[in-house]
Amino acid sequence: MDVSKVLPFFRLYYKNLNPEDLSIPQLDRREFALWDFLSNNMIRHLAFKNSVELKEGLSKRTPRHVYYSVSTYEYPFLPDMEMKKMISTNLVFDIDIDHVYTPCKEIHDSWLCRNCGNSGSGFTDSCKFCGSPSLDKLSFVCNECLEVAKSEVLKLIEDFLFADFGIKEDEVKIVFSGNRGYHVHVENEEFSNLDSKARNMMIDYIKGITARHYFLDFLKKQKYKFKGIASSGYPSRLAEKILEELLAANEHDLIKIGISEIKVKDLMAIKEKIIQSLQGYSADYGFLRSIGSKSKEIITKAISDISVEIDERVTVDNHRLIRMPNSIHGKTGLRVTPLGYNDLDNFDPFRDSVVFKEGYARIKIKRKLPSIKFFFGDNEFFLGSLNEAKVPIALALYLTLNEYADIYELL
Amino acid sequence: MSFDVYELSKYPFLDSLKDFLRLNDFKIEDLLKQPNEVLNAAIEKIKSLAEKKSESVYPPDIEIKRFVLSMYIVSHLGSFYIERFAERESKKLSKLLKEEDSEEIFKIARSLISARIRRIERRTKDPKFPTLMTYAMPIKDYLKYAAYLGDYNWSLAFHEIKGGEILLTSRELVRILEEAYRQWIIIKCNEMREIYTPEIDPLVEHLSKELPLFRTRKFDEKVVYKGVDPPCMRILISDLKQGKKLSHMGNFSLAAYLRAIGYSVEETLELFKNLPDFKESVARYQIEHIYGLRGARKAYSVPSCLTLKAANLCFPESPGCDNIKHPLQYLRKVKDGRK
Ligand code: SF4
Ligand SMILES: [Zn+2]
Ligand SMILES: [Zn+2]
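Those sequence lines, one after another, are chains V and H.
Positions 1 to 411 (our numbering) are the ones given, in order, by the first sequence.
Positions 1001 to 1339 (our numbering) are the ones given, in order, by the second sequence.
This is chain V alone, in the form it adopts within the complex (with noise of 0.2 Å):
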């Protein structure tokens, strides 16, 4: 990448952000990393005495990535992380496309197995082969991908945050981070008192980990009753998912998945029954018993329909860094934005986080774009087709910084 064609927008970009866009609660309280454009490195440990010093300090070295630490420290700027004495740590979430299924995936994603050498297309965490982690991956976020991400969070705010946990809808910020996914920050002081433990336990219920391995064990520790949909809470979300399952399920599907056909017919007999006790405050699961291993399955299903996929590491580490919100992001020119609750319906990260909004540019495509259609800016693309291309700045820039082009000439 040709840095002297991509640095001037970062330089014009922070010498014209207005302080007021780096209000960051407790800022002179956080420890600040930017990563250096030339030098490739990680600059830390910086401290800011208020938002203008730090506007003065972006514009000043005019970084790739610009974040922040979660905690809170009495001496922010030491070194040492022992030495700089932690505060607080604000509970953040993270939810990156990265480790989400989308069906897209298949159209746009493959891997590469280091170890047998396959390769296939679409979302794994391990070879289909022969089952080893270490894959080369290729993966492209595309407008699809990004919608995903959104209901994750929806589900993570309205769910668990405001339902379950009573957080209120003014201690929430959302954020897009400007590649993959959101942050999701509570500036709330209880839940910023929480220890690594308690976080944990948090984390695990919301990614529904333990429920996934142990709630057939702990129904047949209770005899299989359980609360039902009148209840409250996750017991409710989970009757409903595997009423819904059961609902959609006709003898024919029963079988199919495994069942024997003597026990769907008893199961079809008792079929009212079985949903009037899930939507009681106490439901029966006693059917799961009949159906033996395949409810499993059910459950499973049910609970990843419920559950959401965080990063935990972001969550736990408490000395983690995130993205500075209004910083840009280095991988992609799109400005890390913030967003209240209600903004997110209509909230297009490919459209309303593009910063650069004048001039063209023309490209060469150095790394295979996936064949798709891709909405970015205010215009629709078709990715087999850019090289040699014109296009708006902007996405030059998004082609560029990922690796995927080089800008060659600026138009």
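Derived from the structure by calculation, the hints contain no laboratory data.
None of these values were measured; they are calculated from a predicted model.
Even glycine gets a Cβ: it sits at the ideal position worked out from N, Cα and C.
Some hints could be false.
[What the hints assert, rightly or not] Partial selection, computed: residues in chain V whose CB lies under 8 Å from chain H:
id: 1; residue: Glu-190
id: 2; residue: Lys-197
id: 3; residue: Ala-198
id: 4; residue: Met-202
id: 5; residue: Thr-210
id: 6; residue: His-213
id: 7; residue: Tyr-214
id: 8; residue: Tyr-234
id: 9; residue: Pro-235
id: 10; residue: Glu-312
id: 11; residue: Arg-313
Using the hints, position chain H with the ligands against chain V.
Frame of chain V, contents of chain H with the ligands only:
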């Protein structure tokens, strides 16, 4: 001002403790200066920690003073005694609470955890128990304590949660109270540690000669994989070294892990001596079991990351924990990375 001294002697963390101490002109320095009934009772209480003896019971007002004084002395004996003390007192609490009615449990929960805890009476269809008491606890308080219980039954998913509150049965509440009390004692002791009176020095010196010493150093010299233990194990080891209590799963996983990285039974046992509820014969038996020297004669393997996660013992770090399913993979990864 009136309060129930008998109640306070059972539950010395109640808010009335302050008033009681003020009214009785309680001063730690005075009690430490020369032999007296309270001091003797406190020393007896502390010695019984090491000797597994049950302690004798005194009249309520002496009991209360004895409790506070022994907390003060224990806090100066160091974290190993603090942990043991907290462990025993909190066990006593849950035993007492099992005999109490919901009124008293509720009162204690509000005093020990939060005044925001609510009581909800529910009708049931069971004619024998027509009403059932449930308790609504702020979720952040629940997390603070349940996170240390390490059993999947405490997982949030298996409870009803709404608007920042979690619903608990009375049995669950009692278990949470036990943990809350344990943490309360530890916090109080750590505060008391900062309060210095010259009289404490000779007493601590005298006591530490009589009490068994809890070794802490030994382990550092034995680390084979220094600095590359997976974070889950690193945390267990450091908790243990500080004399903290581990969950069952924590004990089990760590012993299996130590076996895997080449610790002998003796070496593992040595480390486990730091446990506040350590009993050599029991621990040895369990460790030998895990090592496959007893019972089925099959050594237990280290649990997978998934199991550790479910027991709330996993604290992943990047990049070592990325894409791994088993803590031993972490060792391989980190070792490879260093070559
Ligand atoms: S990912 Fe595995 S190795 Fe890493 S902390 Fe969790 S349980 Fe331990
Ligand atoms: Zn392979
Ligand atoms: Zn996609």
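For each hint, the structure was consulted:
{"no.": "1", "hint": "Glu-190", "verdict": "holds (5 Å)"}
{"no.": "2", "hint": "Lys-197", "verdict": "holds (4 Å)"}
{"no.": "3", "hint": "Ala-198", "verdict": "holds (4 Å)"}
{"no.": "4", "hint": "Met-202", "verdict": "holds (7 Å)"}
{"no.": "5", "hint": "Thr-210", "verdict": "holds (4 Å)"}
{"no.": "6", "hint": "His-213", "verdict": "holds (6 Å)"}
{"no.": "7", "hint": "Tyr-214", "verdict": "holds (5 Å)"}
{"no.": "8", "hint": "Tyr-234", "verdict": "holds (5 Å)"}
{"no.": "9", "hint": "Pro-235", "verdict": "holds (6 Å)"}
{"no.": "10", "hint": "Glu-312", "verdict": "holds (7 Å)"}
{"no.": "11", "hint": "Arg-313", "verdict": "holds (6 Å)"}
In terms of the numbered hints stated before, the structure departs from none.
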